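There are 2 protein chains.
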Amino acid sequence: MSTIGPEIERLIQLLAKLPGLGPRSARRAVLELLKKRDVLMEPLALAMQEAAAAIKTCEICGNLDTATPCSLCCDPRRDSKVICVVEDVADLWALERAGVFRGRYHVLGGALSALDGITPERLNVASLIARVREGVEEIILAMNATVEGQTTAHYLLDTLEETGVKVTRLAHGVPVGGELDYLDEGTLSAAFKARRAL
Amino acid sequence: MSTIGPEIERLIQLLAKLPGLGPRSARRAVLELLKKRDVLMEPLALAMQEAAAAIKTCEICGNLDTATPCSLCCDPRRDSKVICVVEDVADLWALERAGVFRGRYHVLGGALSALDGITPERLNVASLIARVREGVEEIILAMNATVEGQTTAHYLLDTLEETGVKVTRLAHGVPVGGELDYLDEGTLSAAFKARRAL
Ligand SMILES: [Zn+2]
Ligand SMILES: [Zn+2]
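As you go down the protein sequences, you meet chains A and B in turn.
Position 131, counted from 1, in the first sequence is what our numbering calls 131; the numbers after and before it change by one each time, with no gaps.
Each position in the second sequence, counted from 1, maps to that position plus 198 in our numbering.
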């Protein structure tokens, strides 16, 4: 499409890579950005640059924050004896929105998948074992209720067995095939409170 | 949500203002951006800044380009005796993708709407009349097939009558209630070729 200049074309192509935006909605988004340069486009460009420079991955839990260790790992009011293991930072955010958990987190960075070649070595498993050995009382497995999530939960249960730590998993409320980040806060709370020992 | 730092929170809020992205997809987009800083986030921030600085609104037709007059207005191979009037730049892009039109454009910047207070004075109507008086042979009204689009087309037909210019509109193929930017290229081509005099 030679009519659209390379600057706009490049913007459309980059925006279309974001989850939830296809080529058409990326074009709409670019027009909206160009119409609202002062109040949207320039602030967004600046916010991206600031975030790209400021946001770090927590060396302990894998959370994203401006500091490492992150604010959750450093918060003395949070119980360091209980670690909730999630696949992704989005799941951590979802659980924090539910406000039901006051311990620490551990972000795996994905789930096991033979199809996508995601092996245990590619997830933050070794660092989880190391944290458990430092004296953790309970590990809550908060994987997605997908095949990959449940495969990961079983793998972690096996791997954690030798440490003797108590392992629980989320219970009632997580729909089969559903993903944590889609759930409302009430469902997440129910799942958390009804967690059971494995 | 105090868990998410202000940098990430601001990025989510700005992204959620884009058409097609709600709060949840904006969160997903931010995580994707943070995971792909080098290949997505920083290039996108740069592309936005460059576009914000480089893209101008064409003083003749209202198109967006790095130069004004735009490349379409300056292209000597395009017929300057025929002007296709569209509501928005997205519609111009859609017609260019269809590749069926080789004249000039005129972007109104919207459609008449009593509800939204869009009066003729808020659209690029006066500049259209001025262009017609400079010696145009045909005006093609390519409004959306919505109430606002058709109201706008009728208004323009009335307003252009005194100039004596031939006025046509898109015909077969534009579904009632549909918007140009959603149509496939074949439908747009058919509508263009079957345009009729008003
Ligand atoms: Zn942390
Ligand atoms: Zn132009």
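Don't read these hints as lab results, they were simulated from the structure.
There may be inaccurate statements among the hints.
Unchecked claim - Cut-off 20 Å, straight-line C-alpha distance, at most; resulting in silico cross-link-like pairs (EDC-like, lysine to aspartate or glutamate):
no.	chain 1	residue 1	chain 2	residue 2
1	A	36	B	248
2	A	56	B	257
3	A	17	B	248
4	B	391	B	335
5	B	254	A	32
6	A	17	B	319
7	A	56	B	240
8	B	234	A	59
9	A	17	B	240
10	B	254	A	42
11	B	234	A	50
12	B	233	A	50
13	B	391	B	319
14	B	254	A	121
15	A	35	B	319
16	A	56	B	205
17	B	234	A	96
18	A	56	B	236
19	B	215	A	50
20	B	254	A	96
21	A	17	B	230
22	A	56	B	314
23	B	254	A	59
24	A	35	B	257
25	A	56	A	96
26	B	233	A	59
27	A	35	B	335
28	B	233	A	38
29	B	215	A	42
30	B	215	A	38
31	B	233	A	116
32	A	35	B	248
33	B	215	A	121
34	A	36	B	236
35	A	36	B	257
Stated by the list, open to error - Quick list of the computed label-pair ranges, beta carbon to beta carbon:
no.	chain 1	residue 1	chain 2	residue 2	range
36	A	22	B	264	19 to 29 Å
37	B	335	A	36	31 to 41 Å
38	A	19	B	314	42 to 52 Å
39	A	59	B	320	48 to 58 Å
40	B	264	A	99	10 to 20 Å
Just so we're clear, the structure is a prediction, and the values are computed from it rather than from any experiment.
Beta carbons are placed, not taken as given, at the ideal position from N, Cα and C, and that holds for glycine.
- Item | Pair hint outcome, residue 56/A versus residue 96/A [Cα-Cα no greater than 20 Å] | 19 Å, holds
- Task: Take the C-alpha atoms of residue 36/A and residue 257/B, compute the straight-line distance between them, and say whether it is at most 20 Å.
- Result: 18 Å, holds
- Query: Does residue 391/B pair with residue 319/B here, judged by a C-alpha cut-off of 20 Å?
  - Reply: 31 Å, violated
- CA of residue 254/B to CA of residue 42/A, is that 20 Å or under? Since the Cα atoms of residue 254/B and residue 42/A sit roughly 15 Å apart, the hinted pair holds (cutoff 20 Å).
- Query: Regarding the pair residue 233/B and residue 38/A, is the alpha-carbon distance no greater than 20 Å?
  - Reply: The hint is violated at about 27 Å.
- Message: Need the status of pair residue 254/B, residue 121/A: alpha-carbon distance at most 20 Å?
- Response: 50 Å, violated
- Regarding the pair residue 35/A and residue 248/B, is the alpha-carbon distance no greater than 20 Å? The hint holds at about 15 Å.
- Quick one, are residue 17/A and residue 248/B close enough, alpha carbons at most 20 Å? 19 Å, holds
- Message: Would the hint linking residue 233/B and residue 59/A be met if the CA-CA limit is 20 Å?
- Response: 15 Å, holds
- Message: Hint check: residue 35/A vs residue 257/B, CA-CA at most 20 Å. Holds or violated?
- Response: Holds, because 15 Å separates the two Cα atoms, which is no more than 20 Å.
- Is residue 233/B within 20 Å of residue 50/A, Cα to Cα? 15 Å, holds
- If you draw a straight line from the CA of residue 17/A to the CA of residue 319/B, is it 20 Å or shorter? 38 Å, violated
Violation of the numbered hints given earlier is confined to hints 2, 6, 13, 14, 17, 20, 22, 23, 27, 28, 33, 34, 38, 40; the remaining hints are satisfied by the structure.
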